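Undergrad: Given the coordinates of chain F, work out where chain R should sit on it, guided by the hints.
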Amino acid sequence: KQEVTQIPAALSVPEGENLVLNCSFTDSAIYNLQWFRQDPGKGLTSLLLIQSSQREQTSGRLNASLDKSSGRSTLYIAASQPGDSATYLCAVTFTGGGNKLTFGTGTQLKVEL
Amino acid sequence: DAGITQSPRYKITETGRQVTLMCHQTWSHSYMFWYRQDLGHGLRLIYYSAAADITDKGEVSDGYVVSRSKTENFPLTLESATRSQTSVYFCASTHSTGTDTQYFGPGTRLTVL
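Quick note, the sequences are listed as chains F and R, same order. When we follow the numbering used here, the leftmost residue of the first sequence carries the number 1, and every step to the right adds one. When we follow the numbering used here, the leftmost residue of the second sequence carries the number 1, and every step to the right adds one.
Pulled out of the complex, with its shape left as it was, chain R reads as follows:
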């Protein structure tokens, strides 16, 4: 189906483990984004990518790594999960920033014990 998907939808892990959250979009959008949503903070940008092999840090990038070898995929890796990374993670994409709507995936709820 066309759209933007995230997997897994729910994940429980332990402190110190590596976790990768997947994001896939079928529109061939150039730009992709990762946000986290926490009570009291709203949505905050973790990383974004303007095209394959081009990524840049957002507001809260410490402890996270991204890659974008293919236009349609934008995985987010927590190298060594901490409890403060317990959150809901949203992936988004858009054809062109500044003029176009961002389309969001359904989110991944991550719990770090």
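The following block holds chain F by itself, in its conformation from the complex:
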């Protein structure tokens, strides 16, 4: 079964710290991997999309890497701020799966003053 796992489920860090969120997936045959942000009671906002042929993508303080062979992706957040507090979701489009997104259960991040 194609699955996506995110560890840790929750993370609390002081403001200014650099941090890494982890995502792992069970099948290396993927089209792409996406990182989303979800604020409480809100929808999902796409942060970064990495195609299967790419190794990383960057947007501002965010950097996402992809290692297909090991089935892993990381989201690096530099100089974290309280406004970064949210749930971060990793989602994979597996090939041969009808082009559907398979989501991890997310990492709930709290950045404290």
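Honestly, I wouldn't trust all of these hints.
[Unchecked claim] In silico DSS-like links for lysine-lysine, alpha-carbon gap of 25 Å or less:
| no. | chain 1 | residue 1 | chain 2 | residue 2 |
| --- | --- | --- | --- | --- |
| 1 | F | Lys110 | F | Lys42 |
| 2 | F | Lys1 | F | Lys68 |
| 3 | R | Lys57 | F | Lys100 |
| 4 | F | Lys1 | F | Lys110 |
| 5 | F | Lys1 | R | Lys70 |
| 6 | R | Lys70 | R | Lys57 |
| 7 | R | Lys11 | R | Lys57 |
| 8 | F | Lys42 | R | Lys11 |
| 9 | F | Lys1 | R | Lys57 |
| 10 | F | Lys68 | F | Lys42 |
| 11 | F | Lys100 | F | Lys42 |
It is worth saying that the hints were derived from the structure and are not from the lab. Quick caveat, the model's predicted, so the values are computed rather than measured.
TA: For chain R alone, kept in the frame of chain F given last:
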């Protein structure tokens, strides 16, 4: 306004009633999706559509029906609501799966009493 909208945002209904959740997007995206989000399960795909009049089941489609007579609309109907269908429902769209970001609506919080 351009984007993807869902209505209603909140709905309370009773067991056995029929409920329809609406989704509308203004980008003329080909693909549209319905997900439900539950604690402990993350987001799971209910149904998706590759184009008008083309729909297919996702992971948790039992008890749900969809239609797509127009590209911009993708309503989700609960034929006879059950308490297990209490959830937050998200609609999403994308131009082309496998390469493009999925854009999510704000969600509909449904409670079945």
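Undergrad: Checking against the hints above, which ones are violated?
TA: Structure breaks hints 4, 5, 10.
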